[in-house]
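Protein chains in written order, with this note's numbering: chain A, 1 to 185; chain B, 186 to 765.
Possibly wrong hints are sitting among the right ones.
Said to hold, decoys possible - For the chain B half of the interface with chain A, some residues (derived, Cβ under 8 Å), not all of them:
(1) Q704
(2) S708
(3) F727
Simulated from the structure, these hints should not be mistaken for lab results.
It should be emphasised that the depicted structure is a prediction, and the values quoted were computed from it without experimental measurement.
Built from N, CA and C at the ideal position, the CB exists for glycine as well.
Below are the chains, spelled out letter by letter.
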Amino acid sequence: MDSVMNQTPSTTPDITNVGKTSASSRSKESGSVTKRLQTELMSLMMSSVPGISAFPNDGDLLNWTATISGPDGTPYEGLSFKLSFAFPSTYPHTAPLVLFTTPIFHPNIDFSGRICLDILKDKWSPIYNVQSVLLSLQSLLGEPNNSSPLNGQAAELWDKDPAEFKRLVLARHRDITGDDVEMSG
Amino acid sequence: MDRLLSEVVASERCSVDWYGRMPITARLKDWVDNVYNYILTEAEAFICKKFRSRPEAEVEQDLVWGWSEMKQWRDIALGRLGVSRVKNLFDYVVSWDKSIGAILDLKDYITLPGARTHLTDSFIQQLSRRLLHAGATTTNILDVYFSVIHAFKELDPKGVLLSKVARPIRHYLRDRDDAIRIVASSCLADVNEEGDVMNPSPDICSGIAIEIGRPISDFADGHGQKLDWDDMEWMPAPVDAEPEYKKAKADSIVAYFISLFEREEFIKELQNILGEHLLKSEDQEFEKEIRLLELLKTRFGSDKLQACEVMLKDVLDSKRMNAAIRNKQAQGATRLNTVTDMHAQILSSFFWPALREDTFAVPAELAALQESYAAGFESIKSMRKLNWLPALGRTTVELQLQDRHVVVEYVQIWQASVVYAFQDPNAMAGVPVTRTVQELEEQLEMEEPLVRNAVTFWVGKMVLKETATDAFTVLETLSSKTTEKEAAAAAEAAEQSAGVSAIKTHDDLLEQNKELYEQMILSMLTNGGIMDGKKVTMMLKFVVPGGFPFGEDEVGALMRGMVEAEKLAVVGGGFAVRKG
Chain A
1 MDSVMNQTPS TTPDITNVGK TSASSRSKES GSVTKRLQTE LMSLMMSSVP
51 GISAFPNDGD LLNWTATISG PDGTPYEGLS FKLSFAFPST YPHTAPLVLF
101 TTPIFHPNID FSGRICLDIL KDKWSPIYNV QSVLLSLQSL LGEPNNSSPL
151 NGQAAELWDK DPAEFKRLVL ARHRDITGDD VEMSG
Chain B
186 MDRLLSEVVA SERCSVDWYG RMPITARLKD WVDNVYNYIL TEAEAFICKK
236 FRSRPEAEVE QDLVWGWSEM KQWRDIALGR LGVSRVKNLF DYVVSWDKSI
286 GAILDLKDYI TLPGARTHLT DSFIQQLSRR LLHAGATTTN ILDVYFSVIH
336 AFKELDPKGV LLSKVARPIR HYLRDRDDAI RIVASSCLAD VNEEGDVMNP
386 SPDICSGIAI EIGRPISDFA DGHGQKLDWD DMEWMPAPVD AEPEYKKAKA
436 DSIVAYFISL FEREEFIKEL QNILGEHLLK SEDQEFEKEI RLLELLKTRF
486 GSDKLQACEV MLKDVLDSKR MNAAIRNKQA QGATRLNTVT DMHAQILSSF
536 FWPALREDTF AVPAELAALQ ESYAAGFESI KSMRKLNWLP ALGRTTVELQ
586 LQDRHVVVEY VQIWQASVVY AFQDPNAMAG VPVTRTVQEL EEQLEMEEPL
636 VRNAVTFWVG KMVLKETATD AFTVLETLSS KTTEKEAAAA AEAAEQSAGV
686 SAIKTHDDLL EQNKELYEQM ILSMLTNGGI MDGKKVTMML KFVVPGGFPF
736 GEDEVGALMR GMVEAEKLAV VGGGFAVRKG
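Model the full structure from these sequences, guided by the hints.
Pasting the structure below:
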């Protein structure tokens, strides 16, 4: 639960920021946002890529929970990670806010689950969608960008001491059961 | 004296006038005024004479009954009559309109204080005891509701009583899943000149069908809700009117039924039924359908019925298109044999309900026809392509068997294709052709249910015969023995096989989208954790675009299937993804 508590401060400013920029057009756009998200959900369901999955939270199309499984041949093999997606009302023109809710030890992900990935920041483009974000994150697990780490220790150990890295990954990882996610969401 | 009054009310004299259809209250009042009054005076005089010793003239003065007392007696008599009528009100309503006499009797009764509440309370009680239970069919309830509307409109033209007694019925009908379908199909039922419903079926409420057939002016809602200042008959709303009661003057009876349901739902159902109706209809003019649509347009607004309009326009356009293509083909008379009797219905798929898309190999001749038609179509409407839905077509089949000639009209194309497959040029003369269901499936690329449906159809027509399990042989000669015995069973089978409809049924839809729904349930449970069927249903209703028409039962069955397939596991009252 601690990771969930930590997210809150980071989440709030982002969302309000987005709200301000689009306050005038919000009501008009929220219809198109849900429409877009519904289409994304359908295409996600149709394609059913193994290892990734996502679904809206209870009665709220703007907040999703996603699950990715760690790619084979990486320290994350066999583990599964939950993420939260919060879509601003300007989506897809603005990137969704994506956080790891499962504690993870990774060079580009900090202890509150915040992710350093260019396509979720300045490189975002409306052609990305939930599926492509999830696939990028899955590949980020196997190929971290160690030049701009959020977690310095992890970046250092990744090359130096794979065994220690793996140990810390396993030590940090905890399976969040569905009930926990529900309580936080 | 009191007993006398009761007896008279219960007696033969005051029984319902079933033949004259007139109220008897006038007679009752008359009787109270004259006969009863007389007896009363006499009796009183007698008593007074016996026990008192006053001069006679004085007594007589006393005994002249005042008008107000007379009125009281009258009211008591009417009250007694009313109570006895109310007791059987349900029966009177059911046998509307023969029982109009009884209803008119009550008209006087409800002017008495307290009578209106007694009437509604008692009637609602009778309704819930005798009608609103699982034993009554929906059509039955709709029919009674229809009578209730008529009877109570007669009783109380302002509709206050009606709105009170109708509430439990309406409430109950909304819970019946098939009610909406029955109302919508009743709207489209065929009514002949005498006002009887043609080909009645248990799914059609004849009252609605007849009511829809009334001249359109009856329904026009000319005045709206505006106050009519010239209305000299204006009366304040009755005392027991509800706050939300609005005087709905021109409300037609059909409106009561249509307003039973959510507008969107009704229109959706109407689309389905209209679609099927248009495809099946042999009437090329579609007058009734156009009229119904205009009627509903005034009620719902034309934008809501756009899909229905497009459907109607499609079939009318198709007629023109058929004529145009036929003309074209006739002009290019080089290929004489292509001038045929093929009519196509060109549908704008976007506006039609989900149609049957089963594909199968049609007989070669038919395929050639389709091709030439499609060529004709493309030459008229360039840039458009036809997408054939062979499962929706119908044709006339002529079969030349050894001892007889069979002509069957309005045969579904798949049934025709199946029987066509029994034609084998290589077969030896005299030896009937035999095919198994599996062979047919492969040869025609048809799905099994359709093949079976077609085979039963032809068995019913005494053309095929099941010689071994799943193997069917052409019945080239009919022996007299088999005819009689099998005719009954065959006819029954044919009836059953007729049940495949053009519009996708609920179950078909579920089957078709099963994979998608399963995938959704999987992701839902992966990400949301353990959930029960109720929650999953709710989530599906929330996320599936275009709506999720299934309930908890269907979802439950789907999920149990997934448990059996070892995709899910049951965990503490809910379902969870089984980790592989």
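How the hints compare with the structure:
1. Q704: 5 Å, holds
2. S708: 4 Å, holds
3. F727: 6 Å, holds
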